[in-house]
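Asker: Spelled out from the first residue to the last, the chains are:
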Amino acid sequence: MVLETILYLIAYPPLWQVLILGFVGALLVAMVAIWFERKAAARVQRRIGPYWASPRLGGFMIIVADMIRYVTQQVIIPTTVDKIAFLLTPVAVLVVTILPLAFIPLSPHELYWPVASMEYSLLIALALTTLPPLLTVVLGWASSNKFSVIGSLRESYVITAYELVAVLAILAPAASTLSFNIVYIVEAQQPVKWLAILNPLAFLAAFLAVLMSTSAFPFEIPESEHEVVAGPYTEYSGILYALNMGGGYIRRFIYAIIIALVFLGGWAPYTPGLDPFTGFIIPSLIVLVKASIVVLVMSFLRAVYGRYRLDQALDAAWRLALPLALLGLGWSIILAYMNLI
Amino acid sequence: MPARVSLKSLKRRGGLFEGIKSNIQALAVGVKYFIDPQRSTLLYPKEYIEHRPGYRGFIVFIKDKCISCAACARICPSAAMKMVRVTEVDPKHPDKPRQKQYPVINYQRCIFCGYCVDICPTEALYHTPFQDVVYESLADMFLTLEAFQLEPGRPSVSEGSPVVYEVDEERGLIKRRR
Amino acid sequence: MDVKAVDKVYVGNINVAARRARELLLGKLKLGDVIDWATTFSLWPVHLLTSCCGAEFAATWSPRFDAEQYGALPWVAPRQTNFIIIEGTVTRKMACALRITYEQMPHPKFVIAMGACALDGGLFYNSYNIVRPWEVVPVDVYIPGCPPPPEAVARAIIDLRRKIREKKLASRWLIEGWRHDRDPVKPADDVCKWWRP
Amino acid sequence: MKPEELLELLKHALGGLAKEVTVRKGYVEVLVDADSVVPVANKLKELGFDHVKSVTATDYPKESKIRVTYHVSSYLREDLAKPILGLSVDLPRDNPVMESLTGVWRSSEFQEREVYEFFGVTFRGHPDLRPLLLIPELAERRVLRKDFVVKEESIYEGVPHRYQ
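Residue numbers (numbering that gives the first Met the number 0), protein chains in the order written: chain A, 0 to 340; chain B, 0 to 177; chain C, 0 to 196; chain D, 0 to 163.
The shape of chain A in the complex, shown without the other chains (with noise of 0.2 angstroms):
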């Protein structure tokens, strides 16, 4: 009996499928994000970028020796923090990081994703979400420096002003299809009818939330460098800063994820079938893909734009990104009430 029960539990689909993509293809897609940011970064002023490791790959290796280094380094604990926190956080954000792909469908059939017939499978996926900055304020209490708490509480300010919109932003397609379910959502918009283009005030608002609240490049308060040290992030070295790094990186994946699962169409075009090849791999490959692209162009902002100021991102996230966000939710309303989608 115990013994089938953990039979189960280890052969459970979505754990694989968790720690599968959760793990090592979330860790590719950061370490290709920060390949891209930097190289992209490199590019638009007129530089090289990241070169001599691997001059055909463009560099690419860079991305994995930092990775290495980082691995090897010394770790660093200072006498004055609180040592269980301080440890224990870093391997905390990242699970819970990962913890929103167990309720994410990418594909339409029971088989391979049983939480594709889950209701609110979107609300509890941001549900999941919106945990690891609160994880990030406890990392800066941790460290019990004064740049860490300073950044920690930056962090708690752009949290209370951005997470609201994101979650406003994303559920709008909900509202739209009177649904929250992720497949219905999917579903609802084959095959071109993807609210990215018949709801682009919610797709703008939930991208902008997205970019503030993961802390992207236009927005990167809690650690600009300038101002507070990294933020919450001072005391780490080593693998524990790695950690924390990668964690940022996912969480921007996950949620491009579910942006392109509800407002670009999830595997829209495209007509899954009921064998693994087309009822699976296709249909995750193209959200990854989706997801993927959405990633970038996060990424490639940082070349154009400069940081803002906490006040000029709390600003902008109360008079510009919380009446987007709303509009967006009326326009959806309207579109379920006339029956668009």
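Quick caveat, the hints were computed from the structure, so don't treat them as lab data.
Hints should not be assumed to be uniformly reliable.
[Said to hold, decoys possible] Straight-line Cα separation of at most 16 angstroms, EDC-like style, residue types lysine to aspartate or glutamate; simulated pairs:
no.: 1; chain 1: D; residue 1: Lys145; chain 2: D; residue 2: Asp58
no.: 2; chain 1: C; residue 1: Lys192; chain 2: C; residue 2: Glu134
no.: 3; chain 1: C; residue 1: Lys92; chain 2: D; residue 2: Glu113
no.: 4; chain 1: C; residue 1: Lys162; chain 2: B; residue 2: Glu135
no.: 5; chain 1: B; residue 1: Lys99; chain 2: B; residue 2: Glu87
no.: 6; chain 1: B; residue 1: Lys45; chain 2: C; residue 2: Asp158
no.: 7; chain 1: B; residue 1: Lys99; chain 2: B; residue 2: Asp89
no.: 8; chain 1: B; residue 1: Lys62; chain 2: B; residue 2: Asp89
no.: 9; chain 1: B; residue 1: Lys62; chain 2: B; residue 2: Glu145
no.: 10; chain 1: C; residue 1: Lys92; chain 2: D; residue 2: Glu136
no.: 11; chain 1: D; residue 1: Lys64; chain 2: D; residue 2: Asp146
no.: 12; chain 1: B; residue 1: Lys45; chain 2: C; residue 2: Glu165
no.: 13; chain 1: D; residue 1: Lys81; chain 2: D; residue 2: Glu28
no.: 14; chain 1: C; residue 1: Lys192; chain 2: D; residue 2: Asp146
no.: 15; chain 1: C; residue 1: Lys166; chain 2: C; residue 2: Asp32
no.: 16; chain 1: D; residue 1: Lys18; chain 2: D; residue 2: Asp34
no.: 17; chain 1: D; residue 1: Lys52; chain 2: D; residue 2: Glu28
no.: 18; chain 1: C; residue 1: Lys29; chain 2: C; residue 2: Glu165
no.: 19; chain 1: B; residue 1: Lys45; chain 2: B; residue 2: Glu158
no.: 20; chain 1: D; residue 1: Lys52; chain 2: D; residue 2: Glu136
no.: 21; chain 1: C; residue 1: Lys166; chain 2: B; residue 2: Glu135
Let chain A serve as the given structure and place chains B, C and D on it in line with the hints.
Answerer: Chains B, C and D in isolation, oriented as in the chain A frame:
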């Protein structure tokens, strides 16, 4: 009349339309440079800059021209150049060894100002047109009299090819291979 | 526990187990070479600007001499970096800051001294307020010049890369725990005697 | 405002407080006694000079005096900002003590600390008179006074034996 400080408040520039327009402009510039980057970056070990003559690089000493006037050591602003006494044997009078003074240079202090080259009355010192040589120990940087007469080895030459930089009217600084 | 059992892993001696694992990973599997390779392409300098060499430091990372092609990314915080470029004059008060910054960085760490002031004082060789940086921190590569051109900084990074791979500096730190050729000349109390937090 | 006009204005405004008001090559100098420096500073502030650009000192070992000079200027009145105005005080060299002007111009605080550490001029009433740039034991040697000797190297010295 005591000076009084008055606060001015700045108006917000532009409206919503202006903001959207400038954001789109910024993105367009970024995309334009992303598609056509117009780079002029030096791929350093594979290429190196060939500086024009007159560049103040490492200094080389020609012993035969030196008249031991010590003007170079006197004018050196950072006291990098020192005179060493050397006993020399003249081939015509082998029984009478003479004491002569020659300059040696300390690259730990040299600031490459070129005063010593300028003041030398017999042009016994000259600049090489490069400065990209680094050292791993402090002792190597105090040149002996023999080392001061040789041009320092330039590792870039063996690894790469020379380029020159020119100013183009339209594109700005451009790199040109020799 | 008898003496022979101390060296066995299965007795539960965690230090022995860690040493065995280290020897296995770094000795036989050539993982050390990978670590050295990774460190050479991930030298992130912390930005400690003390004087005018900072202008040339900035030029080194500018579009013309893009030093990011070597994988070097200027960083602000010492905790996440492994490399420090001393950009110019080090005064007595700055020496303490330099030493603190150096000690905040995680091992394995490397130092480049840039410019005449950072080698022997340069123009200020007889000043009352100058400290030679090699007395404060152990220096790997010296760049002469006042200030050195950006190519020289790039050459120094390439030279440091060669030195790390030839002497296996990064993996030797993992095996030995401390690089014994890197003992600083002056104790920290000497440098920061005046400093009372 | 031309320097000559400023000179007339200052002579009129300061009256008998200043020992000497001169103009030379566009530089207006107000020389005052150590006792009357604070009233003169207050008068200048009332005229519209609202900040100190630099505080510097000059050592005259033969005349046995140290002259402390405040260069003052104005942000708010452009015509006053154009000429250079120096407010100078002569102090005895063996015991240079004067009233601090931080009460009048707050911006002189750091620069008075600098003068204190390099020349040993004590400012009475300064909120925080500590060495600024030098370490404390070096600041006690008053390094910018003329009798502080900086050792020069001769052109033959300094060649270590191992290099010869």
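Asker: Are the hints correct? Go through all of them and say.
Answerer: Verification of the supplied hints:
no. : hint                 : verdict
1   : Lys145/D to Asp58/D  : 6 angstroms, holds
2   : Lys192/C to Glu134/C : 15 angstroms, holds
3   : Lys92/C to Glu113/D  : 15 angstroms, holds
4   : Lys162/C to Glu135/B : 9 angstroms, holds
5   : Lys99/B to Glu87/B   : 7 angstroms, holds
6   : Lys45/B to Asp158/C  : 14 angstroms, holds
7   : Lys99/B to Asp89/B   : 11 angstroms, holds
8   : Lys62/B to Asp89/B   : 14 angstroms, holds
9   : Lys62/B to Glu145/B  : 9 angstroms, holds
10  : Lys92/C to Glu136/D  : 12 angstroms, holds
11  : Lys64/D to Asp146/D  : 13 angstroms, holds
12  : Lys45/B to Glu165/C  : 21 angstroms, violated
13  : Lys81/D to Glu28/D   : 14 angstroms, holds
14  : Lys192/C to Asp146/D : 27 angstroms, violated
15  : Lys166/C to Asp32/C  : 11 angstroms, holds
16  : Lys18/D to Asp34/D   : 11 angstroms, holds
17  : Lys52/D to Glu28/D   : 14 angstroms, holds
18  : Lys29/C to Glu165/C  : 14 angstroms, holds
19  : Lys45/B to Glu158/B  : 6 angstroms, holds
20  : Lys52/D to Glu136/D  : 28 angstroms, violated
21  : Lys166/C to Glu135/B : 13 angstroms, holds
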